[in-house]
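**Student:** If you want the building blocks of each chain, they are given just below.
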Amino acid sequence: MIELDRVGKRYPASQGSGGHDALKSVTLSIGTGEFAVVTGHSGAGKSTLLKLIAGIEIPTAGTVRVDGQELARSRRALPFMRRRIGLIFQDHKLLYDRTVFDNVQLPLDITGFPPREAAKRVRAALDKVGLLSRERERPVTLSGGEQQRLCIARAIVHRPSLLLADEPTANLDIDYAQDIVDILRSFHQVGVTVVVSTHDLVSLRAARPRVIALAQGMLASETPP
Amino acid sequence: MKAWINQHRRALAVTAWQVLQAPFAHLFQVLVIGVAILLPLLLHLTVQNLQRLGGDSQADARIALYLAADATGKDADVVAARLKAHPGVAGHRFVSREEAIKDLRRIHDIADLVDALPKNPLPDAFIVRAKSTDPGEIDALRREAAKWPKVALAQLDSAWAARLDAGLRVARALGTGLAALLAVALLAITFNTIGLQVVNRQEEIEVSRLIGATNGFIRRPFLYAGTLQGAGGGLVACGLAALCVAWVNQQIPSLAALYGTEVVVQPLSLPDILAVTGFAALLGWLGAWLAVSRHLWRSHPG
Numbered sequence: 001m002i003e004l005d006r007v008g009k010r011y012p013a014s015q016g017s018g019g020h021d022a023l024k025s026v027t028l029s030i031g032t033g034e035f036a037v038v039t040g041h042s043g044a045g046k047s048t049l050l051k052l053i054a055g056i057e058i059p060t061a062g063t064v065r066v067d068g069q070e071l072a073r074s075r076r077a078l079p080f081m082r083r084r085i086g087l088i089f090q091d092h093k094l095l096y097d098r099t100v101f102d103n104v105q106l107p108l109d110i111t112g113f114p115p116r117e118a119a120k121r122v123r124a125a126l127d128k129v130g131l132l133s134r135e136r137e138r139p140v141t142l143s144g145g146e147q148q149r150l151c152i153a154r155a156i157v158h159r160p161s162l163l164l165a166d167e168p169t170a171n172l173d174i175d176y177a178q179d180i181v182d183i184l185r186s187f188h189q190v191g192v193t194v195v196v197s198t199h200d201l202v203s204l205r206a207a208r209p210r211v212i213a214l215a216q217g218m219l220a221s222e223t224p225p
Numbered sequence: 001m002k003a004w005i006n007q008h009r010r011a012l013a014v015t016a017w018q019v020l021q022a023p024f025a026h027l028f029q030v031l032v033i034g035v036a037i038l039l040p041l042l043l044h045l046t047v048q049n050l051q052r053l054g055g056d057s058q059a060d061a062r063i064a065l066y067l068a069a070d071a072t073g074k075d076a077d078v079v080a081a082r083l084k085a086h087p088g089v090a091g092h093r094f095v096s097r098e099e100a101i102k103d104l105r106r107i108h109d110i111a112d113l114v115d116a117l118p119k120n121p122l123p124d125a126f127i128v129r130a131k132s133t134d135p136g137e138i139d140a141l142r143r144e145a146a147k148w149p150k151v152a153l154a155q156l157d158s159a160w161a162a163r164l165d166a167g168l169r170v171a172r173a174l175g176t177g178l179a180a181l182l183a184v185a186l187l188a189i190t191f192n193t194i195g196l197q198v199v200n201r202q203e204e205i206e207v208s209r210l211i212g213a214t215n216g217f218i219r220r221p222f223l224y225a226g227t228l229q230g231a232g233g234g235l236v237a238c239g240l241a242a243l244c245v246a247w248v249n250q251q252i253p254s255l256a257a258l259y260g261t262e263v264v265v266q267p268l269s270l271p272d273i274l275a276v277t278g279f280a281a282l283l284g285w286l287g288a289w290l291a292v293s294r295h296l297w298r299s300h301p302g
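First to last, the sequence lines map onto chains C and F.
Numbering of the first sequence is given in the numbering used here, commencing with residue 1 and proceeding in unit increments.
Numbering of the second sequence is given in the numbering used here, commencing with residue 1 and proceeding in unit increments.
So that you can see chain C by itself, here it is in the shape it has in the complex:
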C-alpha cells in the first residue's frame, strides 16, 4: 500500500541556519491492513514521514508511492488520492465556526455526496467516536480529547482505506489517549491500514503494532510486521 524508496526530505536554508535534512534515504513499505507506529524523539522525522505519505510535503530525493501512485508527480490526482486517506492531526484542524456535524460532513461535501445519505454517514461516524449527542455544538465547547475524537470522525466518515494519525495522543491524559488508541484499533480490525506517529509507545503496546523507529531522519530499527 505504501512504498518509500530512498526517500529524503531536505528543508531549504533559512536566515541564520543552513539546510536541514528531516529524512535521509528512508526505504520501507507498509502493506494493506497493517497497523504501523512510527516512533522516535521529536525531530526524528516522524511528522515529515507522515506528511510525505499524505502528499502534504514533496520528497527532495527518492519516491513515495501510495497505492502504486506517486503523489509528487501527479498534483492533479492528489485531491482524489487524499479522498482515500483519512488524516488525523495533532492540532485537530477543526473549523470552529461550524457545528460538530458540519465539520464531519465536510469530506462528504467535497466528494458531492447526496445530502440525505451524507447525514446518515455523519451520524454513524459521530456515534463511533461517542459524540452523537453533541452534533449541534461548536467544537470550542469540546474538551481536547473530544476534539481529537471529532477529528477522527471527520477522518473516517468517507471510509478511507488508509488512516494517517500524526501524534493523535500527544496532548491527552492517559484515559483519553487510550480511547483514541481503541478507536484506531477498531478500524484496523475492519481492514483499514493505520499509520500512527507517536513518541509515546505505551498506550499503543496493546495494539501489537509494527514499530518503525526513526532517529535523526534515518530508519533506526523495525519490528517485523
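The hints are simulated quantities; they were obtained by calculation from the structure and are not laboratory data.
Every residue gets a Cβ at the ideal spot worked out from N, C-alpha and C, and that includes glycine.
Just so you know, not all the hints are guaranteed correct.
Pulled from the structure, derived: some chain F residues nowhere near chain C, Cβ distances all over 12 Å [to be verified]:
| id | residue |
| --- | --- |
| 1 | V14 |
| 2 | L39 |
| 3 | T46 |
| 4 | E99 |
| 5 | I101 |
| 6 | R105 |
| 7 | S132 |
| 8 | A179 |
| 9 | L210 |
| 10 | G212 |
| 11 | L235 |
| 12 | A246 |
Beta-carbon label-pair distances, calculated as ranges [stated by the list, open to error]:
| id | chain 1 | residue 1 | chain 2 | residue 2 | range |
| --- | --- | --- | --- | --- | --- |
| 13 | F | W297 | C | G19 | 23 to 29 Å |
| 14 | C | S14 | F | A3 | 39 to 45 Å |
| 15 | F | A185 | C | Q69 | 41 to 47 Å |
| 16 | C | Q69 | F | A3 | 18 to 24 Å |
| 17 | F | A185 | C | H20 | 44 to 50 Å |
| 18 | F | H8 | C | Q69 | 25 to 31 Å |
| 19 | C | A206 | F | A3 | 20 to 26 Å |
| 20 | F | A3 | C | T32 | 37 to 43 Å |
Given chain C, work out where chain F should sit, using these hints.
**Tutor:** Just chain F, lined up with the frame of chain C:
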C-alpha cells in the same frame, strides 16, 4: 453528474449562508457596484434618446422661412405661390405672427411676459417641408428661398440635429471609455471583496485541501458570490436607471409643450437589462476567479 449537482448545491448554500451572516455588508457592496454601473448606463440612455430625437427631425427636414418685419399679406401670398410652384417643396404651412404669439402665450410661465410686450415682435413665417431627404439638396433649397424678396431668414430646422449628431458621437465615445474604465473598477471591486473573503476563510480552504478538495471545489462558492454580486449590481443599476427615467419623464411635459411635440424618454429595453446584468455577472465571476486563483497559486505554487 449527480455528485456535481450536489457540489453546486452545496456551493450555493455556502454562498447564501455567507450573505446571511453579513446581509448589510453584502447589500452595500452590491449598491456600490450598482452605482458604478449606473454612470455609464445613464450616459448610454441619454445618448440613445437624444439620438432618437435628432433622428426624427432629420428624417423630416423642415426649413423655416421668416419674413421681414415689414412684409405685408401680399408679400406673404407671393412667397406662398412660389412655394406651391417649386418642385422641391413637398408642402408648406403659413404661421402668421398672431398665431405665433398665441402659441407663445399658451406656455403658462411666460404668458405674462408676452402680454407685457408693447407690440408683437414676431414675424410671419412659413414652415416648409422638402421633398428630398438629402442634406445637400435641402440646403440648396434653403439658400434659394433665402434670396426671395421679403424673406429675412431661411433656417434649416435640422441644422441643430446635425450638430447634435456630432456631439453625440463624442458622447458615445466618452461613454464607451467610461464603461471600459468602470468595467476595470468592477473587476477590482470584486477582486478585493472576494479576496477578503478568501483570507477570512483561509483556514477552511487549507483544511478542505488536506481532505481532498480540488481547486474547483474551493473556487466554486467564491465564484458564485462574485457572479451574484456582479449580477445584483447590474440589476440595481438598471433599477436606478428606471427610476431616473421615470423622474425625467415626469419633468418633461413643460419641455414637450415648448417644442410642441410629444417627448418621452425611452427606458432601458429588456435586452439592454439582460446585457448589463450579464456583463456585470461575468465581470464579477472573473474578479472572483482571479482573487481565489491568486490565493491558490500563492499557497501552492505550481
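**Student:** Could you tell me which of the hints above the structure violates, numbers in ascending order?
**Tutor:** 1, 9, 10, 19 and 20
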